[in-house]
Amino acid sequence: MTAQGDQGSRGVAPNDYEDFPPGRIFRHHWGRTITGADAILFSTQTHQAQPAQFNAHYAAMSGLPGRPVSELLTFSVVLGLTVEDLSESGGPFLGADDITFTRPVFEGDTLYATSVVSERRPSGSRRGWGVVRWRTIGTNQRGEPVLSYSRASLVRRRDPEETS
Amino acid sequence: MSLTGSDRFFEDYARGDTFEHRRGHTVAAADNQMLSLLTMNTAQTHFNADSMTGYLGGQFAAPLLNACVALALAAGLTSEDMTENALADLGYPSFRMPAPLFVGDTIYAASEVLSTDEPPARDDAGVLRYRITARKTDGTLVVDTERRALIKRRVPWQSRHEELAARVHGTAVRLLDNAPDRTGKESP
Numbered sequence: 001m002t003a004q005g006d007q008g009s010r011g012v013a014p015n016d017y018e019d020f021p022p023g024r025i026f027r028h029h030w031g032r033t034i035t036g037a038d039a040i041l042f043s044t045q046t047h048q049a050q051p052a053q054f055n056a057h058y059a060a061m062s063g064l065p066g067r068p069v070s071e072l073l074t075f076s077v078v079l080g081l082t083v084e085d086l087s088e089s090g091g092p093f094l095g096a097d098d099i100t101f102t103r104p105v106f107e108g109d110t111l112y113a114t115s116v117v118s119e120r121r122p123s124g125s126r127r128g129w130g131v132v133r134w135r136t137i138g139t140n141q142r143g144e145p146v147l148s149y150s151r152a153s154l155v156r157r158r159d160p161e162e163t164s
Numbered sequence: 001m002s003l004t005g006s007d008r009f010f011e012d013y014a015r016g017d018t019f020e021h022r023r024g025h026t027v028a029a030a031d032n033q034m035l036s037l038l039t040m041n042t043a044q045t046h047f048n049a050d051s052m053t054g055y056l057g058g059q060f061a062a063p064l065l066n067a068c069v070a071l072a073l074a075a076g077l078t079s080e081d082m083t084e085n086a087l088a089d090l091g092y093p094s095f096r097m098p099a100p101l102f103v104g105d106t107i108y109a110a111s112e113v114l115s116t117d118e119p120p121a122r123d124d125a126g127v128l129r130y131r132i133t134a135r136k137t138d139g140t141l142v143v144d145t146e147r148r149a150l151i152k153r154r155v156p157w158q159s160r161h162e163e164l165a166a167r168v169h170g171t172a173v174r175l176l177d178n179a180p181d182r183t184g185k186e187s188p
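Chains as they are written, first to last, in the working numbering: chain P, 1 to 164; chain V, 1 to 188.
Note that these hints are calculated values from the structure, not bench results.
Note that this is a predicted model, so its numbers are computed, not measured.
The beta-carbon is built from N, C-alpha and C at its ideal position, and this holds for glycine as well.
Please note that the accuracy of each hint is not assured.
[Unchecked claim] Ranges between beta-carbon positions, derived for each pair:
hint, chain 1, residue 1, chain 2, residue 2, range
1, P, R135, V, R22, 31 to 41 angstroms
2, P, L41, V, A121, 23 to 33 angstroms
3, V, R160, P, D19, 52 to 62 angstroms
[To be verified] Coverage of chain V stretches by chain P, computed from C-beta distances (three or more under 8 angstroms per stretch; other residues unrestricted):
hint, stretch
4, 34 to 40
5, 67 to 75
6, 88 to 102
7, 157 to 168
[Said to hold, decoys possible] Here are some chain P residues the structure puts well away from chain V; computed CB gaps all over 12 angstroms:
hint, residue
8, P22
9, I25
10, R121
11, G124
12, G143
13, E144
With the hints as extra help, turn the sequences into a complete structure.
The structure is reproduced here in structure tokens:
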């Protein structure tokens, strides 16, 4: 048995640099309903010491209509939903910018992710790779934006000799 | 101590305040695999050790910790001191991981208040903007981010917290206070 690695040798083939012309829009797969179990597991396992996230009594006293889901869970799920299309064969995480939460998420809400290619350039240091930047918006089941951010990743090139 | 710390309202933070947060976190295999899969992340660099031999020439010997999980752990380690009374997380204007994290690494987090003068959307809370840095025990910087969070103001929230605490703890305190064998007091 050999390592399948990220060779794309079977099943869904990852997108390459050439598949990311600026302006291309991706409507990402699946969607994800956030349950109370997801929210409690994530908040407690990542030390979120914010009682609004795990104490319904405190959340109600605070005037909230329910226990808010950790925004970091929202970010993780929305980014997770983008990975197969955008960065599954990419390099290590390079960073994210302008992560902005525009609306709270509560138990029972369903998250979706949509992205656009904002820019790309060949990698200066890694032959055969490029850097692609995307802007992503996370929406709920009503289509209301709950989150937006921008991130970049190293992406493999099909043709390492091309220079643009 | 009450429901939350009495010194963790918006008024308690000032630009330039620094914090070295007390607890650390050793990255467990479950942190990476369970939380990556829980959050629909399909990059097998987070959950397939075998795939690492074919990834970037095999330069990483083990799966890389999901950056979203790294961010959550770093922010979480700051949360009791910084955002215990948060009504909402507003955003992270920048987030970098200058070095990767692996299972077995231990991180500690530190915070520095950058601003408290951003106009908030509501008058019972303020916007706390602070920088979070997380380092491994050897000092390597692994998470560098800024966070903006909406924190309750002391007025009107502290008295509401005290009312709630009186309600939920009151009966037990009265029972314990009348008990003959309470610690540190002699029975009559």
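Do the hints match the structure? See the list:
| no. | hint | in the structure |
| --- | --- | --- |
| 1 | R135/P to R22/V: 31 to 41 angstroms | holds, 37 angstroms |
| 2 | L41/P to A121/V: 23 to 33 angstroms | holds, 30 angstroms |
| 3 | R160/V to D19/P: 52 to 62 angstroms | holds, 53 angstroms |
| 4 | 34 to 40 | holds (count 6) |
| 5 | 67 to 75 | holds (count 7) |
| 6 | 88 to 102 | holds (count 11) |
| 7 | 157 to 168 | holds (count 5) |
| 8 | P22 | holds, 22 angstroms |
| 9 | I25 | holds, 20 angstroms |
| 10 | R121 | holds, 19 angstroms |
| 11 | G124 | holds, 16 angstroms |
| 12 | G143 | holds, 19 angstroms |
| 13 | E144 | holds, 15 angstroms |
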